[in-house]
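Asker: Assemble the whole structure, with the sequences as input and the hints as a guide.
So the chains spell out like this:
There are 2 protein chains.
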Amino acid sequence: MKISTRGRYALIIMIYLAKNYNSNNFITLKEISDNESISLKYLEKIMALLTKAKLVDTLRGASGGYKLNRSPEEYTILEIIKASEGPIRTVDCDNNCDKKDTCISKKLWCDLDNTLNEFFDNKTLKDLL
Amino acid sequence: MKISTRGRYALIIMIYLAKNYNSNNFITLKEISDNESISLKYLEKIMALLTKAKLVDTLRGASGGYKLNRSPEEYTILEIIKASEGPIRTVDCDNNCDKKDTCISKKLWCDLDNTLNEFFDNKTLKDLL
DNA sequence: TATTATACTACCAATTTGGTAGGAATTACA
DNA sequence: TGTAATTCCTACCAAATTGGTAGTATAATA
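As you go down the protein sequences, you meet chains R and P in turn.
Position 103, counted from 1, in the first sequence is what the working numbering calls 103; the numbers after and before it change by one each time, with no gaps.
Position 83, counted from 1, in the second sequence is what the working numbering calls 83; the numbers after and before it change by one each time, with no gaps.
For the record, the hints were derived by calculation from the structure and aren't laboratory data.
Not one of these hints is a red herring.
Note: identical chains are not told apart, hence a pair may lie in one copy or across any two.
Dumping the calculated DSSO-like pairs for lysine-lysine here, alpha-carbon to alpha-carbon at most 27 Å: (1) K19 with K45; (2) K107 with K19; (3) K100 with K30; (4) K107 with K82; (5) K106 with K2; (6) K107 with K2.
Answerer: This is the structure:
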C-alpha cells in the first residue's frame, strides 16, 4: 500500500512545472534537481514516463527543457499517478483465478480501486497550488 | 499501490473463520489451506501476524486450530489489514524531511491515508459475508 | 505415548525499488 | 561553425520486499 518515489517525484515535477506555467519557459531538470534535491539522473528516468504519456512538451538542446502543454487545472492527479506508477489495481488477482465467481473479497478490492481512482481523479494540479 | 498477498490471504482466512463462527470449533490451517489452495506453510506465517494482533484465539495440539474471539460484525477490515500489512502510510516521507513545512504534496498524501483508513474502517467482516 | 496441530527460526529465489553511468542526439548561441 | 547545454536512450546495479519453503520445538489430546 505504498506510493513509490516514482509517483511522488512525478508529482513534485508536475507541481514545479505548474508553478512556472505562466512564464511559458522551458524548465530544465537541472533546475528541478537543484531545487528539490533529487538526483538529476533519477529525475530523467521519471520524466521519460511523463513525456511518454504526453503530459509535457519538451525541447532538447541548449535552453531546452520541459513545460506543461495544458493549464494546471486541466491535469488530474490521476493521470500523473497513472503515468508514473501505472494503472491503479490494488490486488493482482485476475480473471484466471478459479474462484473468481465465488470470491467474497473481490467486491472489496474492486470498490477500493474505484475509491482510489475517484480520489485522484477529483483533484487537479491547480488544486494543489 | 498494491495490497500484498499477506493482506489478501489474511482476509481470506478471517472470512473463512467468520463463516464458521457459529460452530465455535477451532479450525485448522490445514482445512483452510485445502479449501483455499494456499500453501500451509505460508498460511502459518500469515496467521502468526493475526495471532500476534490478538484477532483470533488459538489452541495447539490435536483438535486445535484457530477461531474468532469476537463476532464478525465486531471486526473492521482495517484491523485485519493493519495486522497483516502494517499501518496505512502511503508515502514514506517522514518528519525528517527538510521540506516538511513547505511541502505542497503533503496534504494530498495525508488525505489519501485518511481516505483509505476510513474506507477499511467502515466495513466489518460481517459486511463481506 | 503417539498423533496432531501450532510456534518459532532460518533460509531462499524472484521481483521491485531506487537509483547510477555513459554516451548519443539535438538545439541555441557566441 | 564550434561548443556548451540539454534531452534521450540503454545498460547496469545494490538493497529491500515479496512470496514463499524447510525443519524443528512445543503443546494438547485421545
